[in-house]
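Peer 1: Let the sequences and hints guide you as you build the complete structure.
2 protein chains.
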Amino acid sequence: MIIIGELINTSREEVEPAVKERDVEFIQNLAQEQEKAGADFIDVNCGTLIREEAEAMEWLVETVQEVVEVPLCIDSPDPEVIRVGLETHQGKALVNSITAEEERYQETLPLLQEYDAEVVALVMDDGGMPKDAEDRIRVAAQLIEDLTADGIDIDDIYVDPIIQPIGTDEKMGIQILNAIQEIVTEYPGVHITCGLSNISHGLPERPLLNQAFMLLAMSRGMDSAILDPLDERIMALATAADTLLANDQYCANYIKAAKSGHLDV
Amino acid sequence: MIIIGELINTSREEVEPAVKERDVEFIQNLAQEQEKAGADFIDVNCGTLIREEAEAMEWLVETVQEVVEVPLCIDSPDPEVIRVGLETHQGKALVNSITAEEERYQETLPLLQEYDAEVVALVMDDGGMPKDAEDRIRVAAQLIEDLTADGIDIDDIYVDPIIQPIGTDEKMGIQILNAIQEIVTEYPGVHITCGLSNISHGLPERPLLNQAFMLLAMSRGMDSAILDPLDERIMALATAADTLLANDQYCANYIKAAKSGHLDV
Chain A
1 MIIIGELINT SREEVEPAVK ERDVEFIQNL AQEQEKAGAD FIDVNCGTLI
51 REEAEAMEWL VETVQEVVEV PLCIDSPDPE VIRVGLETHQ GKALVNSITA
101 EEERYQETLP LLQEYDAEVV ALVMDDGGMP KDAEDRIRVA AQLIEDLTAD
151 GIDIDDIYVD PIIQPIGTDE KMGIQILNAI QEIVTEYPGV HITCGLSNIS
201 HGLPERPLLN QAFMLLAMSR GMDSAILDPL DERIMALATA ADTLLANDQY
251 CANYIKAAKS GHLDV
Chain B
1 MIIIGELINT SREEVEPAVK ERDVEFIQNL AQEQEKAGAD FIDVNCGTLI
51 REEAEAMEWL VETVQEVVEV PLCIDSPDPE VIRVGLETHQ GKALVNSITA
101 EEERYQETLP LLQEYDAEVV ALVMDDGGMP KDAEDRIRVA AQLIEDLTAD
151 GIDIDDIYVD PIIQPIGTDE KMGIQILNAI QEIVTEYPGV HITCGLSNIS
201 HGLPERPLLN QAFMLLAMSR GMDSAILDPL DERIMALATA ADTLLANDQY
251 CANYIKAAKS GHLDV
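Heads up: the protein sequence lines correspond to chains A and B, in order.
So for the first sequence, the working numbering puts the first residue at 1; every next one is plus one.
So for the second sequence, the working numbering puts the first residue at 1; every next one is plus one.
Treat the hints with care, since some could be wrong.
Copies of the same chain look alike in the list, so a pair counts if it works inside one copy or between any two.
Within a straight-line C-alpha distance of at most 25 Å, the following computed DSS-like cross-link-like pairs (lysine-lysine) qualify [what the hints assert, rightly or not]: (1) Lys-171 to Lys-131; (2) Lys-259 to Lys-171; (3) Lys-36 to Lys-92; (4) Lys-171 to Lys-256; (5) Lys-256 to Lys-36.
Worth flagging that the hints you see were computed from the coordinates, not collected in a lab.
Since the structure is predicted, the reported quantities are computational estimates derived from the model, not experimental observations.
Peer 2: Put into structure tokens, the structure is as follows:
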């Protein structure tokens with residue numbers, strides 16, 4: 001699993017003031033903890049800081065990269081903010097996100113090309129959010145076809161099928177699972193990622209649903225998730241599932257994780 | 001999920017003496033606890049009691065049925081023991097198991113017909129244990145075709161794809177998952193069950209692997225498992241996964257389980 005650590009996001013109560021006050025220690029700690037816990041990317045999102053988002057993004061990228069080895073995920077819907085993040089970032093970054101909306105696609109694509117970035121491709125277009133498996137498959141296909149035609153490697157594309165709450169549509173989970181399987185079957189080599197926690201919105205015991213949904217989706221071909229890597233239980237389940245899905249030669253990673261006590265949760 | 005409670009099995013250290021000594025209270029408690037925890041069938045297996053297995057089976061079926069409402073799973077490779085169990089059992093039982101081995105098939109089939117029993121169909125034949133996904137699919141197809149031709153409803157068949165340890169073959173998990181999906185796609189209405197714990201044999205933190213594998217398999221179409229229903233975590237994950245897989249209208253069962261505290265594990 002490719003883990004995108006989600007904790008540096010100003011929509012989280014304790015993070016917004018830390019970013020506003022340029023609290024280097026707080027942000028660097030949060031970045032280092034996530035890297036240590038196994039994050040492959042550190043997401044940085046300061047979207048709540050209206051009018052100062054670009055400036056805050058520049059500071060975040062610099063501040064986080066001072067202390068971690070893993071690349072960052074530059075997370076903003078605004079191509080101008082993404083540009084600032086990519087200009088500042090050292091090495092190959094992940095951009096979160098592009099969509100099939102005409103204007104956003106046209107403004108974001110050149111940034112990916114210029115900075116050789118990977119990209120999260122959200123399955124929405126000018127028709128809005130996807131309603132069912134078919135919408136997801138159709139928009140994912142369009143994004144993959146367009147991005148690869150525009151010079152982006154398929155291995156640099158992370159399709160996000162957009163998780164919506166099961167509490168308002170009980171068929172949402174199965175629709176998303178079917179879409180994931182169809183997309184990875186049709187386009188081998190593409191990655192699938194998602195923000196898991198939306199699935200459980202409005203229901204009790206949300207971590208349990210998030211954990212279960214991650215495993216159901218991994219079984220269908222999802223190979224990445226945007227999540228809290230400090231949640232030891234979801235990380236342990238991801239490690240176990242990777243081993244069960246033959247992504248762990250000789251079960252070596254699993255045995256190592258068990259020895260270090262990371263699976264005893 | 002159709003849960004087959006596995007705890008009444010004389011291969012378990014505390015159960016063998018209880019069965020030998022005809023300890024009614026111990027066995028009835030173990031049965032009631034499993035039913036209360038959500039078991040849909042109570043498995044009874046006294047296979048370690050050589051030469052007295054039939055007699056012990058008769059006692060087990062009588063003793064357990066005195067205190068539970070759910071049907072039993074008569075668990076023995078020996079058709080004579082199965083006959084005694086079925087003769088004693090009130091209502092429709094589940095037989096564990098038939099195979100595609102010629103002699104065992106011919107001896108077990110008439111019992112299913114005579115007692116209108118459901119059956120676990122293990123994917124092995126006279127060639128031995130299955131080696132890969134193809135073996136599993138081929139033997140499952142033969143068993144389903146033969147059993148339905150011989151008058152058994154497809155809804156009464158629980159295919160067991162035979163779980164083998166991932167520790168000795170790292171591709172075992174993915175082979176079994178692919179086999180499950182192929183079988184349920186080819187034969188709609190058939191059930192899939194398995195004894196989960198074999199997958200983790202020889203590895204550390206076995207419950208974690210068993211939990212993860214159950215969810216991976218549910219995502220591919222497994223709708224039953226032979227497990228310890230007193231393990232609250234695996235039961236909570238099964239409840240969550242059923243809801244995510246659209247087997248729980250309005251998420252009502254999930255919300256009820258959460259309110260009763262069963263998901264807070």
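Peer 1: Any of the earlier hints contradicted here, and which numbers?
Peer 2: none
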